[in-house]
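S.K.: One letter stands for each residue in the lines below.
2 protein chains.
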Amino acid sequence: MINDNPKADISNAEFEVLDVLWDEYPATSSDIVERLNQKKPWHDKTVKTLLSRLVKKGVVDFDKAQRQYLYRPLIAREDYTKKEATSFVSRLFKGKVAPLVAGFANQNSLSQQDVDELKALIKQWEQNND
Amino acid sequence: MINDNPKADISNAEFEVLDVLWDEYPATSSDIVERLNQKKPWHDKTVKTLLSRLVKKGVVDFDKAQRQYLYRPLIAREDYTKKEATSFVSRLFKGKVAPLVAGFANQNSLSQQDVDELKALIKQWEQNND
DNA sequence: CAGAATAGATTACACGTGTAATCTTAAAAA
DNA sequence: TTTTTAAGATTACACGTGTAATCTATTCTG
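The listed protein sequences correspond, in order, to chains B and C.
Take any residue in the first sequence, count from 1 to its spot, add 4: that is its number in our numbering.
Take any residue in the second sequence, count from 1 to its spot, add 4: that is its number in our numbering.
Calculated directly from the structure, the hints in this document are not laboratory data.
Careful, some of the hints might be misleading.
Put simply, identical chains are the same to the list, so a pair is met inside one copy or across any two.
What the hints assert, rightly or not - In silico DMTMM-like links for lysine to aspartate or glutamate, alpha-carbon gap of 25 Å or less: (1) Lys87 x Asp48; (2) Lys86 x Glu28; (3) Lys60 x Glu88; (4) Lys100 x Glu88; (5) Lys87 x Glu20; (6) Lys98 x Glu28; (7) Lys100 x Asp27.
None of the values given here were measured: they were computed from a predicted structure.
Take the sequences, apply the hints, and build the full model.
M.R.: The following block contains the structure:
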């Protein structure tokens, strides 16, 4: 089951840990360290600390399997990203998403694929809102 | 002239200050305090501290007008929001903006106006990329 | 079984941030 | 001119965060 009301904010470093946990779970801390090390050269003690903090914050939980713990997220990635996106867009773009996309467009950061996906989204939206 | 390479990150509270400064500048600290107080009940000493930190970070500068300073931003709002958006989308959505918009859509956070603006952006994009 | 390895718990510590209070000095008021 | 006010500078201080090292207890290994 998923925690709908985590206790606190997730820091940047904590998010990186959660991010690889979301990729596949349950996972031991060694699994997580290993996956993280594909990208970040973080000391294993550091990752353990971050895991503990996530647990304390009510964002991650674990089951004991002998000596090791099997960690799993208590919040869904989609829920988290949705909330973060909403608050980000609200802070920086007065809540309107189009100006954000405009920034990407005028920066040449929009791919054909992005545009196709956006068109599909709009089509869908229009079907639901006629 | 605009600073293309600010010294450091801008904190949340600092951003709020910068945000109202962008609305209209140059501005005295009292102007800024007053505008901020429409929304945030921040002590005037607090705002002064934040302004000093922005100056130290190379994000804001000022000219002396007698006793008071006239503050002005050294970075443009559009540049800042564009960079932040890019890094945000890269962190949370693997760099692709469509999934972010999808989150808004499936949360019923898209207005007709948003959709109109997105369509216009896409049209524009397609004209530039044929 | 004794020692080594290792998992998690606890402790550490500097730096940034939120949130001001106090200090210093110059200008305005009386 | 003396006093008051108010601008900015300096100082404060607790809490979160990044980044581990050390402690403790359990499980392998020989």
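S.K.: Give a verdict on every hint.
M.R.: Checked hints:
1. Lys87 x Asp48: Intra 30 Å, inter 31 Å, cutoff 25 Å: neither.
2. Lys86 x Glu28: Answer is within: at 20 Å inside a copy they meet the 25 Å cutoff, but 32 Å across does not.
3. Lys60 x Glu88: Answer is within; shortest intra-copy Cα gap is 20 Å, inter-copy 29 Å.
4. Lys100 x Glu88: Both: 14 Å inside a copy, 15 Å across copies.
5. Lys87 x Glu20: both (17 Å within a copy, 20 Å between copies)
6. Lys98 x Glu28: Only across copies: Lys98 and Glu28 sit 17 Å apart there, 35 Å inside one copy, limit 25 Å.
7. Lys100 x Asp27: between (30 Å within a copy, 17 Å between copies)
Figure legend: structure checked against the earlier numbered hints; the only hint not met is number 1.
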